[in-house]
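Below, each chain spelled out in residue letters.
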Amino acid sequence: MATGRPSNRSGTAAFGFDWLTVALVLGGVLLLYYVVPMVSLFLSVPVGDVLARMSDPAVVDSATTSLLSASISTVVAALFGLPLAYWLARTDGAVTKGVLAIVVLPLVLPPTVGGIVLLTVIGPGSPLGEAAIAAGFPLTRSLAGVILAQTFVASPFVVVTAKAAFESVDRTLEYASRSLGKSRLTTARNVTLPLAGPGILAGVTLAFARAIGEFGATMMVAYYPRTMPVQIWVAFIELGLDNAYPVAILLVLIAAAALLILNTVASNPWE
Amino acid sequence: MTLELSRLCKAYAQFDFGPVDLTVDDDVLAVLGPSGSGKTTLLSLIAGITGPDSGSIRLGGRELVGFPPEDRHVGVVFQEGALFPHMTVRENIGYAATAGERVDELVTLLELNGLLDRTPPTLSGGEQQRVALARTLATDPDVLLLDEPLSSLDAPIRKRLRDELHGLFESLDIPVLYVTHDQRTATALGDRIAIVRDGALEQVGTPSTVLTRPTNRFVARFTGTENLFDGTVTDRTADETIVRFGDRRFRTTASDPSTSAVTGCIHPSRVEVEAPDGGGDRTPNTVTGTVTRWLNEGSAYRVEIEVDAESLALTANVRPPTFERLELETGSEVRVRVPRESIHLIPERE
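From first to last, the protein sequence lines stand for chains U and D.
Heads up: the first sequence begins at 38 in the numbering used here, then just goes up one per residue.
Heads up: the second sequence begins at 352 in the numbering used here, then just goes up one per residue.
In case anyone wonders, no lab produced these hints; they're calculated from the structure.
Misleading hints may appear alongside valid ones.
[As the list claims (entries may be wrong)] Chain D regions said to be covered by chain U (calculated; three or more residues, Cβ under 8 Å):
1) 415 to 421
2) 435 to 442
[As the list claims (entries may be wrong)] Computed Cβ-Cβ distance ranges for the label pairs, DEER-style:
3) Thr557/D with Trp307/U: 52 to 62 Å
4) Pro231/U with Gln365/D: 33 to 43 Å
5) Gly518/D with Leu230/U: 36 to 46 Å
6) Asp505/D with Leu142/U: 49 to 59 Å
7) Thr101/U with Gln365/D: 58 to 68 Å
8) Leu230/U with Arg670/D: 18 to 28 Å
9) Gly64/U with Pro472/D: 27 to 37 Å
10) Leu142/U with Ser502/D: 43 to 53 Å
11) Ala168/U with Phe366/D: 29 to 39 Å
12) Leu142/U with Thr473/D: 37 to 47 Å
Keep in mind that this is a model prediction, so the values were computed, not measured.
Virtual Cβ for every residue (Gly too), placed ideally from N, Cα, C.
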């Protein structure tokens, strides 16, 4: 029979502390901390004002520099990074671990330190830097400098993410393809790359997002031509916070586009 | 086409494969062994997925060692099919095909017509294996290797596909190596069986030879001979050998072994269980015993019988009608007869 006392569960809730609610509140506060500043940024300047300042030559130049350099950096990172990622995915042992640690180094290094490290090799005082200047192709204070700085900082995203993507492709499929008479290259093109594609795209997207937001290393290596993050800093220092908004909004939109790609066509590595 | 392996060796950290010598003509060799015995290593070496440390692999007189998988003309059907998940069935087979007509032929042969536009993840396990087989055969390989293609399938589908494979293998005139850990599949499909243990071939022979005349205890046990007894050959005549297990003497037609210390093998299916009355122990090779345990295994009952008070314990497979007629249960007295031809002797190695 279902008669009897009220269940015990409501009894414990009466004198227990409700930890679930506390956890939800803590998480909620953190989420608000992410969302509120974003909304605030878009509310702090009238839309017309922002659009007007978008046509400012300094803003247009920085956006051009950023998009161009980040695109080239991403292509370079993919070109050099994918073979390395494949090798890392298909090899085991101490050497692999060591190489992976080197790849991850730029991710954990403070970007300004990355800039300094790069300057010791390509800076005006270094043999390589001097030779480049003599050849009329300076590696600092140039688009090349921006690309070098961005590639240093952003390319690990391609390698690390693509490595995971390659690892998710069953090796047996590659063996199957080759036993069907297809060369390594044909196998890579028809089997490995298509199957690892979404993961590789995620890595490329992350690298692009990181490259376009790169500030620290770029500041050290190539203050000119100004990228968007450098332009934000210059506008903020020289003219005040309000003047930094338009470029900042542009960067937020690019970041949102990257997130969109990650959650649709690419396979989000953090999911 | 003949596949010849000679002195083939491959060392791993935990495991040494070989040296293996093996010749396969245009017939089916079932490679049977427990997991970790080196069956898959054997296939990997032939397919070129792994390189040997030494030895040679010749296919139709052509040396394969040193050539990459794509240049070997070795067809492999992998355990789970290894179909390309991003391609349809048609694309999977077309990817491999060397000639278009061959594809149509295989599609008809393996009944894949309705599946051509499906993708592998939507296929059942049996369908995947049929597609994998079609894909491999579409390359017109010089040898066909199969790595436990039926092991992940449910029993009814496995049986059906096994029958299909049997017919298909008949129509192929290339060497076929079929790796399995299942003795029934090996005997059903193999023209010959190779028993593998610890990276070495223990015995190669026709299914009936391997099953009835194992060369050592491992082969005997692995192929289902549960009755293995230490024995001594006490007498030999022209057509008979007398062997003693414990206190009991048995007559056998087994050829005179090279040593007097032997292992006697009696397959459980060859042990005849009868009612205890009549005859008695005077008939040759007949003893009485007590049922100590029995188990219904479906097509037969597995009955353990202790022969009198001695340590001689026999296992017999009893067909259900016999089991029911004798009303067997634990403690039943039975008379056990072992035909002379059913006792096989293995010379004892020192």
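Here is how each hint holds up against the structure:
1. 415 to 421: The restraint on the region 415 to 421 of chain D holds, since 3 of its residues have a Cβ under 8 Å from chain U and three suffice.
2. 435 to 442: holds (count 3)
3. Thr557/D with Trp307/U: 52 to 62 Å: holds, 58 Å
4. Pro231/U with Gln365/D: 33 to 43 Å: holds, 35 Å
5. Gly518/D with Leu230/U: 36 to 46 Å: About 39 Å separates the Cβ atoms of Gly518/D and Leu230/U, which means 36 to 46 Å holds.
6. Asp505/D with Leu142/U: 49 to 59 Å: holds, 51 Å
7. Thr101/U with Gln365/D: 58 to 68 Å: holds, 59 Å
8. Leu230/U with Arg670/D: 18 to 28 Å: violated, 58 Å
9. Gly64/U with Pro472/D: 27 to 37 Å: Holds, since Gly64/U and Pro472/D (Cβ atoms, about 36 Å apart) stay within the stated range.
10. Leu142/U with Ser502/D: 43 to 53 Å: holds, 45 Å
11. Ala168/U with Phe366/D: 29 to 39 Å: Check failed, 55 Å falls outside 29 to 39 Å.
12. Leu142/U with Thr473/D: 37 to 47 Å: This hint holds: roughly 44 Å between Cβ atoms.
The structure does not agree with the numbered hints 8 and 11 stated previously, though it agrees with the rest.
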